[in-house]
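J.: The primary structure of each chain is shown beneath.
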Amino acid sequence: MIESFSLSIAGLRFSVRSEPGYEVEHPDALYRPFLNAELPSDLLMDVMISAEPAPDWSSQEILFDTGEAWTAYRLENGIGIYFPYRKDPGFLWTAQLSENFDRVTVHCSSLMITENNRIANPVHYPLDQILAMFRFSAHRGLIVHAAGIARGDIGVFCAGRSGAGKTTLMRQWKDVSGIRGLSDDRIVVREIDGAFRFFGTPWAGEGQVAAYGDVALKALAFIHHGSKNCIRPISPASALKQLMPTSSILWFDRPALEKTLTFCHDLVETIPAFEIHCRPDPSAADLIDQLLS
Amino acid sequence: MGKTKEAENRPGKMQRILKQNPSVMARTIGDEVLLVPIKGELAQLQQIYALNPVGAFIWENLDGVRDLEQLTTGLISTFEVEAEEARSDLTKYVEELIDRDFVFEVNGAGS
Numbered sequence: 001m002i003e004s005f006s007l008s009i010a011g012l013r014f015s016v017r018s019e020p021g022y023e024v025e026h027p028d029a030l031y032r033p034f035l036n037a038e039l040p041s042d043l044l045m046d047v048m049i050s051a052e053p054a055p056d057w058s059s060q061e062i063l064f065d066t067g068e069a070w071t072a073y074r075l076e077n078g079i080g081i082y083f084p085y086r087k088d089p090g091f092l093w094t095a096q097l098s099e100n101f102d103r104v105t106v107h108c109s110s111l112m113i114t115e116n117n118r119i120a121n122p123v124h125y126p127l128d129q130i131l132a133m134f135r136f137s138a139h140r141g142l143i144v145h146a147a148g149i150a151r152g153d154i155g156v157f158c159a160g161r162s163g164a165g166k167t168t169l170m171r172q173w174k175d176v177s178g179i180r181g182l183s184d185d186r187i188v189v190r191e192i193d194g195a196f197r198f199f200g201t202p203w204a205g206e207g208q209v210a211a212y213g214d215v216a217l218k219a220l221a222f223i224h225h226g227s228k229n230c231i232r233p234i235s236p237a238s239a240l241k242q243l244m245p246t247s248s249i250l251w252f253d254r255p256a257l258e259k260t261l262t263f264c265h266d267l268v269e270t271i272p273a274f275e276i277h278c279r280p281d282p283s284a285a286d287l288i289d290q291l292l293s
Numbered sequence: 001m002g003k004t005k006e007a008e009n010r011p012g013k014m015q016r017i018l019k020q021n022p023s024v025m026a027r028t029i030g031d032e033v034l035l036v037p038i039k040g041e042l043a044q045l046q047q048i049y050a051l052n053p054v055g056a057f058i059w060e061n062l063d064g065v066r067d068l069e070q071l072t073t074g075l076i077s078t079f080e081v082e083a084e085e086a087r088s089d090l091t092k093y094v095e096e097l098i099d100r101d102f103v104f105e106v107n108g109a110g111s
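First to last, the protein sequences are chains A and B.
Each residue of the first sequence is one higher than the last, beginning at 1 in this note's numbering.
Each residue of the second sequence is one higher than the last, beginning at 1 in this note's numbering.
The hints are simulated quantities; they were obtained by calculation from the structure and are not laboratory data.
Mixed in with the good hints, there may be bad ones.
A few chain A residues that don't get close to chain B, going by computed Cβ distances all over 12 Å [unchecked claim]: (1) Leu35; (2) Ser235; (3) Ser238; (4) Gln242; (5) Glu258.
Only pairs whose alpha carbons sit at most 30 Å apart, straight line, appear in this in silico DSSO-like list of lysine-lysine [stated by the list, open to error]: (6) A:Lys228 / A:Lys174; (7) B:Lys92 / A:Lys241; (8) A:Lys259 / B:Lys13; (9) A:Lys228 / B:Lys92.
From a predicted model like this one, the values you see are computed outputs, not experimental measurements.
Glycine is no exception: its CB is placed at the ideal position from the N, C-alpha and C atoms.
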């Protein structure tokens, strides 16, 4: 097998290989900071890219169906993910995950293979995020729909659904000295050696902020539109109630959901949480400054 | 029209016995209980439901054994409230939990 590239996201290293005779294209520009086999990683996922025909899962139990994007199947020895091409019966890829989520075989359809045996890279959104979601579920990690902002080695993330104002908030911080954005759309929060840290990811939003790096989590906040700027502390229960719907969680898998709930529970009991209501103007940046100070 | 035999045998509202849906996970944080449904549909993601201490007491006692009348007695003694208030709280929470598919009746619909 030939290693095509190695990708490290929040300490999870995807080692992407292909069958002899095939070459996998490298990920796009947003992934460049994450493309380095030397980046520190404590979790590994072996990704095998195959041009062989995909397995037939039509008789397998459907675990989860997004309705539009992907479908998860329960397999005898793992999980299967099916990603369609616009409308059935065509598909782009299928991914067969091992039982403990450390190995995956991705079967690419002919739609992804060019005449000179180059395979369009499938290890980008959404596949890498789906794989990360499974892997982190057992390792005290969580993908959150949030903008992450750091100063030195501390940071806060502001979670919110699409349209809540994450990108606007990040734009306001863009030119502030000493501040760096780790992501304007999705971060990964993990507990490592007893401390909560969050990581930038390549899964950027409209502002295209996707930085490699991690910082200690000082506070978490939930962002909402408001007629005036205000910030208020919230209870751990309120934080958990807002954190879960803004996170990528395996809702259909009870053992995984139990672990994630425990992780989220510990997170909101340990890290102060706030609700931010803000106007879409530069003055809202002061609210985050309060959290970073 | 007179009641059918089936309707006559149906338990009254306060005789209903309800049971927690096993597809719901409960998590206690502080003095609140959060109910989290395990579902395979994205539409369920927003359905985390928070219960205050009264709601939590009701949830914990929907055990498939005691009926709502017995739960009312429990509410009165635990929270030192009047019977009318206890019934009102109980009815409100039970209807909400049924609507959300978090509990189900084990002895037929109330009349």
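J.: All the hints need checking, so say for each whether the structure fits it.
T.: We went through each hint and held it up to the structure:
1. No Cβ of chain B approaches the Cβ of leucine 35 (chain A) within 12 Å, the least distance being about 31 Å, so the stated non-interface status holds.
2. Not every C-beta of chain B lies more than 12 Å from that of serine 235 (chain A), the closest at about 6 Å, which undercuts listing it as non-interface.
3. At the 12 Å boundary, the C-beta of serine 238 (chain A) falls inside the reach of chain B, the nearest C-beta of that chain being 8 Å off.
4. With a least beta-carbon separation of about 9 Å from chain B, glutamine 242 (chain A) fails to lie farther than 12 Å from that chain, contradicting its non-interface assignment.
5. Glutamate 258 (chain A), annotated as away from the interface, has a beta carbon of chain B within 12 Å; the closest lies near 7 Å.
6. A threshold of 30 Å between alpha carbons decides the hint, and for lysine 228 (chain A) with lysine 174 (chain A) the separation of about 22 Å falls inside it, so the pair holds.
7. A distance of roughly 21 Å separates the Cα atoms of lysine 92 (chain B) and lysine 241 (chain A); the hinted pair therefore holds under the 30 Å criterion.
8. Annotation: proposed proximity of lysine 259 (chain A) to lysine 13 (chain B) is violated, straight-line Cα distance about 38 Å (limit 30 Å).
9. Distance restraint check for lysine 228 (chain A) and lysine 92 (chain B): the Cα-Cα separation of roughly 35 Å exceeds the 30 Å cut-off, and the hinted pair is therefore not satisfied.
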